[in-house]
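Those letters in the sequence shown? Residues 1 to 166, per our numbering, in order.
Hints listed in this document are in silico derivations from the structure and should not be mistaken for laboratory results.
Where a beta carbon is used, it is the ideal one built from N, C-alpha and C, also for glycine.
There may be inaccurate statements among the hints.
Stated by the list, open to error - Pairwise CB distance ranges (calculated):
#1 Gly137 <-> Asp50: 20 to 26 angstroms
#2 Gly137 <-> Gln104: 29 to 35 angstroms
#3 Met77 <-> Lys151: 29 to 35 angstroms
#4 Lys110 <-> Asp159: 17 to 23 angstroms
#5 Lys110 <-> Glu130: 27 to 33 angstroms
#6 Ser131 <-> Gly94: 30 to 36 angstroms
#7 Ala136 <-> Met57: 29 to 35 angstroms
#8 Ser131 <-> Pro67: 32 to 38 angstroms
#9 Arg98 <-> Ser165: 16 to 22 angstroms
#10 His133 <-> Gly93: 16 to 22 angstroms
#11 Glu60 <-> Ser86: 25 to 31 angstroms
#12 Asp50 <-> Gln135: 29 to 35 angstroms
#13 Gly166 <-> Gln142: 28 to 34 angstroms
#14 Ala157 <-> Leu96: 15 to 21 angstroms
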Amino acid sequence: MLGFCHEEKHGIARLYGPHLVRFLTVIAFGFLAVACGSGENGPPATPTLDAQPITYMDIESAKLTGPSCNYASGHSMGAVVRAMNSEAVMKIGGALKRFTLDPQCDKLEKGTGSRYVAPGYVLDLAVKSESRHEQAGRVGFQGSVRLSDGKGRVLYATDGDVQCSG
């Protein structure tokens, strides 16, 4: 016999000592911890969306005319949301996503609203009224955009310039 008989007669703990058994036990628990997760009980990571600026061609092709407020990220010239009295649009993944005005929301400038909805999404808009200024027939504000999923997890958020006209 090649030495394995000795293990069967006396056991691994007696042959190799208690230190090796402890070491192997710690390794086994380590593998279990990795297999079962990191031990954090926090919520799963929420996917985020990358909103692209709405272009003039988008506005023309989708016939987005009439009074509106355009919400930009930071001081960018490109609006990521165009809000109108009955709907809002946001460009996500290269395509315009349409949202319907929530009839129970607060009214903002130019007949727009503070909340628009689409299946699985909630689009919240805000303006800081104390930042209001007028120039060349346009009304401007500082404002914010927040897009959440149906479970309230924020998918996109930004603060920036808001320009209203029409």
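To see whether the hints hold, each was checked on the structure:
{"no.": "1", "hint": "Gly137 <-> Asp50: 20 to 26 angstroms", "result": "violated (32 angstroms)"}
{"no.": "2", "hint": "Gly137 <-> Gln104: 29 to 35 angstroms", "result": "holds (31 angstroms)"}
{"no.": "3", "hint": "Met77 <-> Lys151: 29 to 35 angstroms", "result": "holds (33 angstroms)"}
{"no.": "4", "hint": "Lys110 <-> Asp159: 17 to 23 angstroms", "result": "holds (20 angstroms)"}
{"no.": "5", "hint": "Lys110 <-> Glu130: 27 to 33 angstroms", "result": "violated (18 angstroms)"}
{"no.": "6", "hint": "Ser131 <-> Gly94: 30 to 36 angstroms", "result": "holds (31 angstroms)"}
{"no.": "7", "hint": "Ala136 <-> Met57: 29 to 35 angstroms", "result": "violated (23 angstroms)"}
{"no.": "8", "hint": "Ser131 <-> Pro67: 32 to 38 angstroms", "result": "violated (20 angstroms)"}
{"no.": "9", "hint": "Arg98 <-> Ser165: 16 to 22 angstroms", "result": "holds (20 angstroms)"}
{"no.": "10", "hint": "His133 <-> Gly93: 16 to 22 angstroms", "result": "violated (33 angstroms)"}
{"no.": "11", "hint": "Glu60 <-> Ser86: 25 to 31 angstroms", "result": "violated (19 angstroms)"}
{"no.": "12", "hint": "Asp50 <-> Gln135: 29 to 35 angstroms", "result": "holds (30 angstroms)"}
{"no.": "13", "hint": "Gly166 <-> Gln142: 28 to 34 angstroms", "result": "violated (20 angstroms)"}
{"no.": "14", "hint": "Ala157 <-> Leu96: 15 to 21 angstroms", "result": "holds (19 angstroms)"}
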